[in-house]
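Asks: Protein chains in written order, with numbering that gives the first Met the number 0: chain G, 0 to 304; chain B, 0 to 477.
Source of the hints: derived by calculation from the structure; they are not laboratory data. This structure is a prediction, so every number in the text was calculated from the model and none was measured. Heads up, the beta-carbon is just placed ideally off N, CA and C, and yes, glycines get one too. Please note that a few of the clues may not be correct.
[To be verified] Some, not all, of what chain B presents toward chain G, calculated at C-beta under 7 Å:
1) 186
2) 188
3) 456
4) 459
5) 463
6) 464
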Amino acid sequence: MKNFLVQTFLALLVSLLATGAFYFLSNYLIEKRARFAVDKAKSLIILGHSHPEMAYNDSLIPSAKNVASAAEAYFYSYHKLKKILPQNSQIKTVLIECTNNQFIASTNDWIWGDKMPFRVPKYNPFLDWEEKSMLFQKNPIPFINANRSSMKANFERIIALNLDYTSDMGGYGSNNHVLTDSVSGDLLVPVDEERSELNMRYLRKMIDYCKKRGVEVYLVRSPTLGEYYKIYPNQDFQDALNTYFNDVPFLDFSGYKLHYSDFIDYEHMNRKGARRYSLWFNNLLASGLLQASNKQAFINKNLPS
Amino acid sequence: MLFNSLDFAVFLPIVFLLYWFLANKTLKGQNFFIVVASYVFYGWWDWKFLSLILFSTLVDYLVGYRLAKEKKQESRKMLLWVSILVNLGFLGFFKYYNFFLDNFIDAFTILGIPFQANTLNIILPVGISFYTFQTLSYSIDVYKRRLEPTYDFIAFAAFVSFFPQLVAGPIERATNLLPQFFKKRSFDYVKAVDGMRQILWGLFKKVVIADNCAEYANEIFANYQEHNGSTLALGAAFFAIQIYGDFSGYSDMAIGTSRIFGFNLTQNFAFPYFSRDIAEFWRRWHISLSTWFRDYLYIPLGGSKGGTWMKIRNTFIIFIVSGFWHGANWTFIIWGALNAIYFLPLLVTKRNRSNLGVVAEGRLLPSLKELFQIALTFSLTCFAWVFFRAENLHHAFGFLSRFFSDPIFVMPEKRPVQLLIIIALFFSVEWIGRSNKHALESLAKINSKKMRWFIYVLVFMAIVFYGAREQKFIYFNF
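Just chain G, same shape as in the assembly (with noise of 0.2 Å):
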């Protein structure tokens, strides 16, 4: 009996230290290695939610990359920036989509609660460990199954010699869905949530990692229909922005104006209502928005009639 509890504990033990020899090299090694390419000719990149995700058509301007991606929190957007800017020292210039829906409590649950499966695969060898330790804290069981997902991750990369993350850091998502009607009236509860401290700390420190590095970083919020200010209410986005992110230019381009044809629902634009607004913005860009003085009102002077 005592040989066989020994035994199996050892056996257990010994499989138990490989896999985690196997979890630390390959984070070592990816967190070291992996690559975060934006075309030499891109100097702007656009990262933020699901709203820049479907609004900028990266193909349409020249200039930009967009590596936006949905339902993606600061928390791992952070992660993101800090790969792409030191390797690829052509970027001169950063947008963050900075919404209405990103402060707000909620997003705790892009960090933590369900959007954690598809995310920790991908930056768990970025992030650091008091990160993980909060992750596994707030959710321990689905923490530890991501974990088993990202050391799978991590192993096909490896054995595929994939260290590439460029095709995975994000990108502009088309979808020819179409509004047809308003949004019934009854569905635009207004959402009372507590703010999201953990999500604007990480705001923050993205702000802070591009100033740190010299580059312009300038906070954007993409057009949405009305309806999406009757479900995330103007006030507290403002307070947070003008008492925490007063220090950094906020373009907001919420005054462009799109029909319903132009959305999948009141806050995503389809690939028509993207076309229509990369162009735009593509124009904005060519006519000098990052040059003028008074960018907001730059933004409005060019607003379509």
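With the hints as your guide, set chain B onto chain G.
Replies: Positioned in the frame of chain G, the structure of chain B alone reads:
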């Protein structure tokens, strides 16, 4: 409690240590502890249904007790009927009540007679199909005087509720398992180590093979209208592998767990997908259920002793009843009937026992003929599994009509290369170990400890890396 859950990973070592260090003093202590652990195991899912197990245990214990004392045949028969009615009554109510009611309503409606009745919102108690058959076998064996009844209630309760096989088998015969509760178990190192190997392999089959195949099979079955013929064929094959990994994985874990507690359970799967014909497949698939139906239904009906028509009738009966045992749905009945149809030509031409041994025994690879036979048998089972997997007959026929109307000789839309490689490796290991009770048993023959441990670590890491998210066992639904 699921074998592939964290709860069980905590439960098992605690029960193991308490069993061997605390309850090990006496036989009664061991048996009593097994009952307590088993009731905790079952109650973890829903403690309310423990009363059902307890009631079933009491009824069959008392029936056995009375059968031992009763001399009159009439009274003995009546006691047996009490056991049959109580056990099948529970099963019938919980599993088949709504099915029969729905079909009665449909039948009356077709005849133009309005018939109204409300179905009930019944929760199927986990494992009811398994433990009712197990207790039933006790009463029948005592009635037939094949087994001495037990007067030890705790031993009997431990036999009925033995946690490793309580919820999904193997369905143990009282003649095999009950006597093991009359002898104090002592720890056997070799048996326990092999038990651990079998648990490891069972877990691999469940979380790496079955759960990963499930993701593809579920998607393809759910959206069959959108896929081409070859993808549907792949979906059916994935389900075939899923159900094998799922159920035989569970059986391996059940048998392995029993072994570390000093018990020997019946082998439930003997590498069925290496079968050369359907008769061999059914000797290797869910052996404890097949032999149960053989001994308690097929043989009492006359077995294969009568004329050809009687053989055909009996074969159809056991396959259809076996199908119906799996669930209250016409799809299971068709699945059973299809297997009977596959089986009949072999039975009629007396070739149903032509492949009794292990395929390609003593050889590394099968002959071309054997390979063709294996592939044909696998294809036939895959076809039948479509009915087993489908939600209803409409779904099954929809799937098959799409399959036959769409070109099959095109590339499948889904090509999960990694999973296919893992499946190929898995079947290679199973092939190498096909003469044993489980695939990893042959590891004991490897002299190098380092090599053995290297394989354990590899399997462990595969479970960690490729284990899909915790999923329920399919047979928990039955």
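Asks: Give a verdict on every hint.
Replies: Hints, one by one, checked against the model:
For residue 186 (chain B), the interface hint holds, since its Cβ comes within 7 Å of a Cβ in chain G; the closest pair sits about 5 Å apart. Here the hint on residue 188 (chain B) is kept, as its CB sits about 5 Å from the closest CB of chain G, short of 7 Å. Because the beta carbon of residue 456 (chain B) sits about 5 Å from the nearest beta carbon in chain G, less than 7 Å, this interface hint is met. A least Cβ separation of about 4 Å between residue 459 (chain B) and chain G falls short of the 7 Å threshold, and the interface hint therefore holds.
A hinted interface residue such as residue 463 (chain B) counts as satisfied when its beta carbon comes closer than 7 Å to some beta carbon of chain G; here the least separation is about 5 Å, so the hint holds. Residue-level restraint check for residue 464 (chain B) holds (minimum Cβ-Cβ distance to chain G is 4 Å; threshold 7 Å).
Of the numbered hints stated above, none is contradicted by the structure.
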